[in-house]
Amino acid sequence: MNTKEYFINSKIKGHKQAVMAPSVAAALVSFCEQEPEFEQAVEQSGKTFQDCMDAVANGTGGSISDLDAYRKAVKFYFSTADIHFSMTIDLCGDIGTPPITMKKNEKTALSVSLDDLLGDL
Numbered sequence: 004m005n006t007k008e009y010f011i012n013s014k015i016k017g018h019k020q021a022v023m024a025p026s027v028a029a030a031l032v033s034f035c036e037q038e039p040e041f042e043q044a045v046e047q048s049g050k051t052f053q054d055c056m057d058a059v060a061n062g063t064g065g066s067i068s069d070l071d072a073y074r075k076a077v078k079f080y081f082s083t084a085d086i087h088f089s090m091t092i093d094l095c096g097d098i099g100t101p102p103i104t105m106k107k108n109e110k111t112a113l114s115v116s117l118d119d120l121l122g123d124l
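Under this note's numbering, read the sequence shown as residues 4 to 124, first letter to last.
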């Protein structure tokens, strides 16, 4: 089974399910690419993507965060799996530049060698 086609080409019924399906499908495809064991669990589950989306939508009320939707979808196929989320901010918009991580109350010290300062004298 091609997991990408399994998620993307499914005809999803239900308003909540249809609204969430594209982003949940993209996340699940990414997870399958990251973890072959997760992909195998999806393939061997015998469950449809509609079943997954019904489980994700169940009990959501009026809204659900993306993170919670992805977590519910992952657990639908692999009950012991979890996902981790990380965000960074890029104030300069420099794509490819590593993000600066700032830690609260972290003090930095300046170390200067007198030998380096007076070395040429």
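Treat the hints with caution; some may be incorrect.
[As the list claims (entries may be wrong)] Derived Cβ-Cβ restraints for the label pairs, each shown as a range:
(1) Gly96 to Glu40: 35 to 41 Å
(2) Ile86 to Gly62: 29 to 35 Å
(3) Met90 to Thr51: 29 to 35 Å
(4) Glu36 to Gly64: 27 to 33 Å
[Unchecked claim] Computed list of lysine-lysine pairs in DSSO-like fashion (alpha-carbon distance at most 30 Å, straight line):
(5) Lys7 to Lys78
(6) Lys75 to Lys14
(7) Lys19 to Lys78
(8) Lys14 to Lys78
(9) Lys16 to Lys78
(10) Lys19 to Lys7
(11) Lys75 to Lys19
(12) Lys75 to Lys7
By construction, these hints were calculated from the structure, which means they are not laboratory data. Here the structure is a predicted model, which is why all the values come from computation and not from measurement. Yeah, the Cβ is synthetic: ideal placement off N, Cα and C, and Gly gets one too.
Going through the hints against the structure:
1. Gly96 to Glu40: 35 to 41 Å: About 37 Å separates the Cβ atoms of Gly96 and Glu40, which means 35 to 41 Å holds.
2. Ile86 to Gly62: 29 to 35 Å: 19 Å, violated
3. Met90 to Thr51: 29 to 35 Å: 32 Å, holds
4. Glu36 to Gly64: 27 to 33 Å: Once the Cβ atoms are compared, 32 Å apart, the range 27 to 33 Å for Gly64 and Glu36 holds.
5. Lys7 to Lys78: With a Cα-Cα distance of about 18 Å, the restraint between Lys7 and Lys78 holds, given a limit of 30 Å.
6. Lys75 to Lys14: Within the cut-off at roughly 20 Å; holds.
7. Lys19 to Lys78: Holds. Lys19 to Lys78 sits at ~19 Å (cutoff 30 Å).
8. Lys14 to Lys78: Measuring from Cα to Cα gives roughly 21 Å; hence the hint holds.
9. Lys16 to Lys78: 21 Å, holds
10. Lys19 to Lys7: 21 Å, holds
11. Lys75 to Lys19: 14 Å, holds
12. Lys75 to Lys7: Distance ~19 Å between Lys75 and Lys7 Cα, so the pair holds.
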